[in-house]
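Number of protein chains: 2
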Amino acid sequence: MSTKPKQRTAISPTRAEDYPEWYQQVIRGADLAEVSPVRGCMVIKPWGYALWENIQRALDEMFKASGHRNAYFPLFIPLSFLEKEAEHVDGFAKECAVVTHHRLEEGGEGGLVPAGPLEEPLVVRPTSETIIGASFSKWVQSYRDLPLLINQWANVVRWEMRTRLFLRTAEFLWQEGHTAHASDSEASDHTLRMLDIYAKFANEFMAMPVLTGEKTEAERFPGAVRTYCIEAMMQDRKALQAGTSHFLGQNFAKASDIQFLDENGDRTYAWTTSWGVSTRLIGGLIMTHADDDGLMLPPRLAPAHVVIMPITFKAEKPEDVEQYCQSLAEELRQQTYHGRHIEVEIDGRDLRGGEKNWQWVKKGVPIRLEVGPRDMEKDSVFMARRDQSAKEKASVPRAQFVLEIVKLLDEIQQGMFDRALAFRESNTHVIDTKEEFYEFFSKEAEGGFALTHYNADPALEGKIKNDLQVTVRCIPQESNHETGTCAFTGEPSPQRVIWGKSY
Amino acid sequence: MSTKPKQRTAISPTRAEDYPEWYQQVIRGADLAEVSPVRGCMVIKPWGYALWENIQRALDEMFKASGHRNAYFPLFIPLSFLEKEAEHVDGFAKECAVVTHHRLEEGGEGGLVPAGPLEEPLVVRPTSETIIGASFSKWVQSYRDLPLLINQWANVVRWEMRTRLFLRTAEFLWQEGHTAHASDSEASDHTLRMLDIYAKFANEFMAMPVLTGEKTEAERFPGAVRTYCIEAMMQDRKALQAGTSHFLGQNFAKASDIQFLDENGDRTYAWTTSWGVSTRLIGGLIMTHADDDGLMLPPRLAPAHVVIMPITFKAEKPEDVEQYCQSLAEELRQQTYHGRHIEVEIDGRDLRGGEKNWQWVKKGVPIRLEVGPRDMEKDSVFMARRDQSAKEKASVPRAQFVLEIVKLLDEIQQGMFDRALAFRESNTHVIDTKEEFYEFFSKEAEGGFALTHYNADPALEGKIKNDLQVTVRCIPQESNHETGTCAFTGEPSPQRVIWGKSY
Numbered sequence: 001m002s003t004k005p006k007q008r009t010a011i012s013p014t015r016a017e018d019y020p021e022w023y024q025q026v027i028r029g030a031d032l033a034e035v036s037p038v039r040g041c042m043v044i045k046p047w048g049y050a051l052w053e054n055i056q057r058a059l060d061e062m063f064k065a066s067g068h069r070n071a072y073f074p075l076f077i078p079l080s081f082l083e084k085e086a087e088h089v090d091g092f093a094k095e096c097a098v099v100t101h102h103r104l105e106e107g108g109e110g111g112l113v114p115a116g117p118l119e120e121p122l123v124v125r126p127t128s129e130t131i132i133g134a135s136f137s138k139w140v141q142s143y144r145d146l147p148l149l150i151n152q153w154a155n156v157v158r159w160e161m162r163t164r165l166f167l168r169t170a171e172f173l174w175q176e177g178h179t180a181h182a183s184d185s186e187a188s189d190h191t192l193r194m195l196d197i198y199a200k201f202a203n204e205f206m207a208m209p210v211l212t213g214e215k216t217e218a219e220r221f222p223g224a225v226r227t228y229c230i231e232a233m234m235q236d237r238k239a240l241q242a243g244t245s246h247f248l249g250q251n252f253a254k255a256s257d258i259q260f261l262d263e264n265g266d267r268t269y270a271w272t273t274s275w276g277v278s279t280r281l282i283g284g285l286i287m288t289h290a291d292d293d294g295l296m297l298p299p300r301l302a303p304a305h306v307v308i309m310p311i312t313f314k315a316e317k318p319e320d321v322e323q324y325c326q327s328l329a330e331e332l333r334q335q336t337y338h339g340r341h342i343e344v345e346i347d348g349r350d351l352r353g354g355e356k357n358w359q360w361v362k363k364g365v366p367i368r369l370e371v372g373p374r375d376m377e378k379d380s381v382f383m384a385r386r387d388q389s390a391k392e393k394a395s396v397p398r399a400q401f402v403l404e405i406v407k408l409l410d411e412i413q414q415g416m417f418d419r420a421l422a423f424r425e426s427n428t429h430v431i432d433t434k435e436e437f438y439e440f441f442s443k444e445a446e447g448g449f450a451l452t453h454y455n456a457d458p459a460l461e462g463k464i465k466n467d468l469q470v471t472v473r474c475i476p477q478e479s480n481h482e483t484g485t486c487a488f489t490g491e492p493s494p495q496r497v498i499w500g501k502s503y
Numbered sequence: 001m002s003t004k005p006k007q008r009t010a011i012s013p014t015r016a017e018d019y020p021e022w023y024q025q026v027i028r029g030a031d032l033a034e035v036s037p038v039r040g041c042m043v044i045k046p047w048g049y050a051l052w053e054n055i056q057r058a059l060d061e062m063f064k065a066s067g068h069r070n071a072y073f074p075l076f077i078p079l080s081f082l083e084k085e086a087e088h089v090d091g092f093a094k095e096c097a098v099v100t101h102h103r104l105e106e107g108g109e110g111g112l113v114p115a116g117p118l119e120e121p122l123v124v125r126p127t128s129e130t131i132i133g134a135s136f137s138k139w140v141q142s143y144r145d146l147p148l149l150i151n152q153w154a155n156v157v158r159w160e161m162r163t164r165l166f167l168r169t170a171e172f173l174w175q176e177g178h179t180a181h182a183s184d185s186e187a188s189d190h191t192l193r194m195l196d197i198y199a200k201f202a203n204e205f206m207a208m209p210v211l212t213g214e215k216t217e218a219e220r221f222p223g224a225v226r227t228y229c230i231e232a233m234m235q236d237r238k239a240l241q242a243g244t245s246h247f248l249g250q251n252f253a254k255a256s257d258i259q260f261l262d263e264n265g266d267r268t269y270a271w272t273t274s275w276g277v278s279t280r281l282i283g284g285l286i287m288t289h290a291d292d293d294g295l296m297l298p299p300r301l302a303p304a305h306v307v308i309m310p311i312t313f314k315a316e317k318p319e320d321v322e323q324y325c326q327s328l329a330e331e332l333r334q335q336t337y338h339g340r341h342i343e344v345e346i347d348g349r350d351l352r353g354g355e356k357n358w359q360w361v362k363k364g365v366p367i368r369l370e371v372g373p374r375d376m377e378k379d380s381v382f383m384a385r386r387d388q389s390a391k392e393k394a395s396v397p398r399a400q401f402v403l404e405i406v407k408l409l410d411e412i413q414q415g416m417f418d419r420a421l422a423f424r425e426s427n428t429h430v431i432d433t434k435e436e437f438y439e440f441f442s443k444e445a446e447g448g449f450a451l452t453h454y455n456a457d458p459a460l461e462g463k464i465k466n467d468l469q470v471t472v473r474c475i476p477q478e479s480n481h482e483t484g485t486c487a488f489t490g491e492p493s494p495q496r497v498i499w500g501k502s503y
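Protein chains in written order, with the working numbering: chain A, 1 to 503; chain B, 1 to 503.
Isolated chain A, as found in the complex (with noise of 0.2 Å):
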């Protein structure tokens, strides 16, 4: 028989044959995290640990540089606390976990029972807005305190029925910046800084090129007077919210009684932001750059730049190969990339080649060498590119490479995020009429951004988002404001809008 045989990917399915079955095995295929035996939480694994790691060390120094301070506040708010805050946001999540007794007891034939019941049930924050607020309150009494830039990075749970690793389960890790401000304009400034600083990291770390903009109000943080975000195009052309940065003027200030003697002795509300990213990153970082043969990661943010295989089985002296490996580590350690050493792993499991390599794919370094005795022989090591095809080899002599790695690695991220970007703008649209853009959003495997014109109006909004899952993702920054008609009234319109459906 000559039919031709399927082209393998160390995938299975492909993006194209079922892309949430393919996200689920690009993460266990790179071992990033996996299910946990509580509902809605997982477990990450130490692949995807690393990974968090980098994202968290990336942003905290970028934090610490514009003058941001960490601090810790408790896990649980008192419920009181989040009464106060029903009380002015109707918004309010009310899916969270409840702690209501402080003791087990015996409660026969080996079983534990509550007890202890508590007198103000706790809930484990979904958000620490109300307990920092209690805080500031008390840290914030003159001009002089201000502006208080805090930021925190913790664990937060939020009740979730369906659950997606990484980009929603019941528990999450984030980070969640608060500060206070004196004025009105300085919060406000302070908030678009923010959304610079997560579009930068986006862009420049993750390779995952973002839309930055203003919120809609059907969109808008609940009690927030404008929130802004970094959208990001995923491989199924759906958008994922990756930041958002809120100006919450003084709601929120005098919610929980942040006042402070102004330079004349008058006492103010002061004005406040807050802004988070999570661990739902990894989420868009996953389906930004994954391919059929699994994650591929930006050098930037991989926990190894390099894998070095030793290949002994044919060597007559092996440990002269592994020495030779060894050196070679060495001295790429030696060299920084972005401020970090570069990080080498080498493995020498006692396993079959093509089984190691591949295992290497999907765990997405962007350089993996094969180092034999041959290759020793000629002072050379055998590379392969993770943004390459997985067959694409080539011998390079040692010393060259050695020379070459950071230009190299910094040609992978270049090319990743220009290969994303290339990928949204061919997938992004400008549509002008209502027909368009419901046939655009109507095809099950089309789709992508609409820039379309539409009068502010969020019922409007509302039936769109209700007839086609489809909303607006954000008022971009990036426009030339060209006024225009709305695709859906004929009504005037300030700018075009991004549209799309969203995770």
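Just so you know, the hints here were simulated from the structure itself, not pulled from any lab data.
Warning: the hint list may mix true and false statements.
Note that the list lumps identical chains together, so a pair holds whenever it fits in one copy or between two copies.
DSBU-like, lysine-lysine: derived pairs with alpha carbons at most 30 Å apart [said to hold, decoys possible]: (1) LYS463 x LYS434; (2) LYS407 x LYS238; (3) LYS378 x LYS443; (4) LYS64 x LYS407.
Start from chain A and add chain B according to the hints.
Just chain B now, with coordinates in the frame of chain A:
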């Protein structure tokens, strides 16, 4: 009147006047942490959290250098997991936060009430032993998967009735290491290796001299085969257990079903270890080094090594002084101290010089510099060291200060260790009779560590604990292991052990 005024101290009361209250006031004076509106939980303020970050960074580097990788496991533990543990662990701690509902509903009059009862209550992790065990059971299949060396940085909750900032709080931050090995001896060696890392960290980074040794049966971690600890003497001569390392044999592997196929193809239970330190270390650091003027930070962990206070009120051109301070700070920051850039704060706040100076004394910064117009003219700095009297200040040529800063910090670090070691040694006594022992520990203002022979009988240790609140802190590793006669019974004793009151 010529009565000599009482010596002023920055912290009131002094250690001698009221030690527990002094401790709280040091924390307040250094702005490390404060009690929160949530019973038993603390807010760790930026200065305290920066200290914790430095502790984390140093330990994390040592964990990674010894082959460990970080991971993250769920905050919640299903009740059934704890029931399993309770079955075989008598000392199972039952004071914990129990989540019983997953929603809040309006309860009328703006109130919220718990709703959505869980089928199986969840416990907020008091430790992750059981949930990590469940993962290990999946991850470990073959001897090739071993050793498995995992660490987690996380928050944990143990319901405590009487809490003290850092020393005992309902929620605290910690790291818990969990490892699985293919042999008894490898796991046993690993337990001691981690003990060494803790001791190295306490001695070299915290400048807190610790004794290392094994716990007696009475103080052993429930379920462990052997528990080792680091123990430090606080300034009230009580012991603080600052870290523990447990050899668990196959006990936990059996409970969690962690089995592997060994090289002969036989199915065997793994041998496991666990070890942890927590934010309690900060309590230990305070009680080792702080004095009646407040916190004193060991340079290797200090969030800032140097604070520069520009004195501008007499300057013709204040901006020149500020400029001078900025350039000095830049020059200092370019140097590294034990792998970290020298961290410099410039305090240009509009505040009286005396008040400003005392704030930094209380915060414990190793070196304070005042720079006014006259210092600038002489190209010198006016320097004070936190490890010396606040009145001892000296003018030092700027170039010399910059040249010698690293040496100076090392000298301070070593001096702090030496002083703490001398204190412990002068309060550690060889005691050979029961009468002397009871007298030693009965005086309120005295006490310390007693090196006393004992017959290793738990019942006797229980009686002594009951009589004097004194326990065996550890069976010291460093010992000449001379045998002797139990001071309480006259029976044979294998070696002297360390007795003391403890936190």
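To see whether the hints hold, each was checked on the structure:
1. In this assembly of identical chains, the alpha carbons of LYS463 and LYS434 lie at most 30 Å apart only when taken from the same copy (13 Å versus 86 Å across copies).
2. In this assembly of identical chains, LYS407 and LYS238 lie within 30 Å of each other by CA distance neither inside one copy nor across copies; the values are 33 Å within and 57 Å between.
3. Taking the shortest Cα distances, LYS378 and LYS443 never come within 30 Å of each other, neither inside one copy (55 Å) nor across copies (78 Å).
4. In this assembly of identical chains, the alpha carbons of LYS64 and LYS407 lie at most 30 Å apart whether taken from the same copy (28 Å) or from different copies (28 Å).
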